[in-house]
Amino acid sequence: MIFASGLRKSFGSFEAVRGIDVDVRRGEAFGFLGPNGAGKSSTMRMVAAVSPVTGGTLRILGLDPATDGPEIRARIGVCPQEDTLDNELTVSDNLFVYGRYFGLPRKEVRERVEELLEFVQLTEKARSMVEDLSGGMKRRLTIARSLINRPEVLLLDEPTTGLDPQARHVVWDRLFRLKQQGVTIVLTTHYMDEAEQLSDRLVVMDKGVIVAEGSPLTLIAEHSTREVAELRFGVGEHEALAEKVQDLADRVEVLPDRLLLYTADGEETVTKVHERGLQPAATLVRRSTLEDVFLRLTGRTLVD
Amino acid sequence: MTDSTAPTSTVAGAGRLLDYWTIVYKRTWKGSAISSFVNPLLYVLAMGVLLGDYIAGDPDQLDGATSYLAFIAPGLLAAQAMQTVFGEVTYPVMGMIKWQRTYFGMTASPLSVREVILGHLGFVMFRVALTCGVFVVVMAPFGVFATVWGAVLAFLAQLLVGLAFATPIYAFTAGLKDESAFALVFRLGMIPLFLFSGAFFPIQNVDPWLEAVARVTPLWHGVDLTRMLTLDTVDAGTALVHVVYLAVLAALGWVWAVRRLTKRMSF
Chain A
1 MIFASGLRKS
11 FGSFEAVRGI
21 DVDVRRGEAF
31 GFLGPNGAGK
41 SSTMRMVAAV
51 SPVTGGTLRI
61 LGLDPATDGP
71 EIRARIGVCP
81 QEDTLDNELT
91 VSDNLFVYGR
101 YFGLPRKEVR
111 ERVEELLEFV
121 QLTEKARSMV
131 EDLSGGMKRR
141 LTIARSLINR
151 PEVLLLDEPT
161 TGLDPQARHV
171 VWDRLFRLKQ
181 QGVTIVLTTH
191 YMDEAEQLSD
201 RLVVMDKGVI
211 VAEGSPLTLI
221 AEHSTREVAE
231 LRFGVGEHEA
241 LAEKVQDLAD
251 RVEVLPDRLL
261 LYTADGEETV
271 TKVHERGLQP
281 AATLVRRSTL
291 EDVFLRLTGR
301 TLVD
Chain B
305 MTDSTAPTST
315 VAGAGRLLDY
325 WTIVYKRTWK
335 GSAISSFVNP
345 LLYVLAMGVL
355 LGDYIAGDPD
365 QLDGATSYLA
375 FIAPGLLAAQ
385 AMQTVFGEVT
395 YPVMGMIKWQ
405 RTYFGMTASP
415 LSVREVILGH
425 LGFVMFRVAL
435 TCGVFVVVMA
445 PFGVFATVWG
455 AVLAFLAQLL
465 VGLAFATPIY
475 AFTAGLKDES
485 AFALVFRLGM
495 IPLFLFSGAF
505 FPIQNVDPWL
515 EAVARVTPLW
525 HGVDLTRMLT
535 LDTVDAGTAL
545 VHVVYLAVLA
555 ALGWVWAVRR
565 LTKRMSF
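Here the protein sequences line up with chains A and B, keeping their order.
For the first sequence, counting from 1, position 72 maps to 72 in the working numbering; every step adds exactly one.
For the second sequence, counting from 1, position 18 maps to 322 in the working numbering; every step adds exactly one.
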């Protein structure tokens, strides 16, 4: 569905995307995980056929965005990072006019508007002005709008950034249903839980390049341990204490507010820490996540 | 089920924006309708009738007009076309690029930048047609049109005047970072044009160098063309110069607008 080889994007002397290879297959949910500034949005804008490619090859649905931009855009759906809804139009008018941009007849668009409002649970808000909606509702409306042409590929750039936890879950639930319906989904996110929830396969991006690729589970298996023991000591003590527990784990990460001990059995590790006479203010044993993979690969956390 | 498609031409693409602009207009028409009717009436009464009372209706002094009212009516009409355009292609265009980002939504669909521009300019020209149409109708009872045909042609000329202003100012707006330049555009652009392009007095009255400046401004070409049509004093050669000047300006502005907005939107 989407094929990129050596794909690059530069803005003047700044290289936002520095040669990435991606192959997204039909029906899969594919994620770009990375911190802000990793080049995710630049990649998405090129895939959405609105940003010219600086170098490399890019094909979307077998078409070249340099020459077939409108044809590509007719067949994909785009949910941008910042909402581009018309605030002064009603919810249903926003969808209606958008459907018309795709060359769909009015009657057909009206039917789809009703269906989509139902799908994103905004039927009661159909006559409200967009500016009166909450952030979560606007996001759902933007998702509905991106589905008006029944796209073969849906591109979502940071679909839940800025939403409260409840609103995020509603959005995830809707995206999950789309996935079940067989829509190919490509999303970017800097939330590891979102990437884990939604994507079958993902790439981890950092500074314009792909640093790892695979399913969330294989990435964790390859780049991290099964469990993580988190130890909190007093501020400023972590650096020194890291040396004392170095041998208890496969790997130790020092964060400003805690130590992360990568190990197969977290409880056992915590017990050994206590046996050495160390008394952390708090301990937590959890499973490894993509956050740990990212930390391992880049030495940095996802959300600073 | 109908499949979504890429538009077959720029005009077809712009046509897909018709419903959008219709809805926008339905939402905003009340505010503009009253001012587009009342403003010309006030100008014609204050300047044409009341001020005009103090000015001798000498055709030799007034480019062939037999009254001051008949002299300034076409000037005000062309100025109305210009002012409508200034209002429509400054803040609203910036809003759709920067504040509401509506253009980004449009160009994520199969529509391209030139179709978005054509659709928006189509709406601007609709607004020009409407305000100038009202102006012509309001002025007609004052007997300022020598012939009915003159009134119709003067109306059509406003579409050309409007377009000649619309494309270059649109292009200017399309590349602006923020709205701070608009205050200058209005104060140093629109108002001096309005006052010194022959709408209120024959430009032969000013210093020769200022007259030379006035003769190259687009509004003077629009005013003089409109005046010839309303007074029925058309000189074919001069009229052709005006039409060509305005058409070339509109065409250059279009090319510039497409280039500037494409650059702005395709980062």
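A couple of the hints might just be wrong.
Here are the computed lysine-lysine pairs in the DSS-like style, where the Cα-Cα straight-line distance is at most 30 Å [said to hold, decoys possible]:
| hint | chain 1 | residue 1 | chain 2 | residue 2 |
| --- | --- | --- | --- | --- |
| 1 | B | K334 | A | K207 |
| 2 | A | K272 | A | K244 |
| 3 | A | K125 | B | K402 |
| 4 | B | K402 | B | K567 |
What the hints contain is simulated information worked out from the structure, not anything from laboratory work.
Item to check | Pair hint K334 (chain B) and K207 (chain A), alpha-carbon separation not exceeding 30 Å | outcome: violated, 52 Å
Checklist entry - Is the Cα-Cα distance between K125 (chain A) and K402 (chain B) 30 Å or less? => result Given that 30 Å is the threshold and the Cα spacing comes to 26 Å, the pair holds.
Next on the checklist: For K402 (chain B) and K567 (chain B), compute the direct alpha-carbon distance and say whether it is at most 30 Å.
Outcome noted: It holds: about 14 Å lies between the C-alpha atoms, which stays within 30 Å.
Checklist entry - Straight-line Cα separation of K272 (chain A) and K244 (chain A) no greater than 30 Å? => result holds, 11 Å
Checked against the numbered hints given earlier, the structure breaks only hint 1 and satisfies all the rest.
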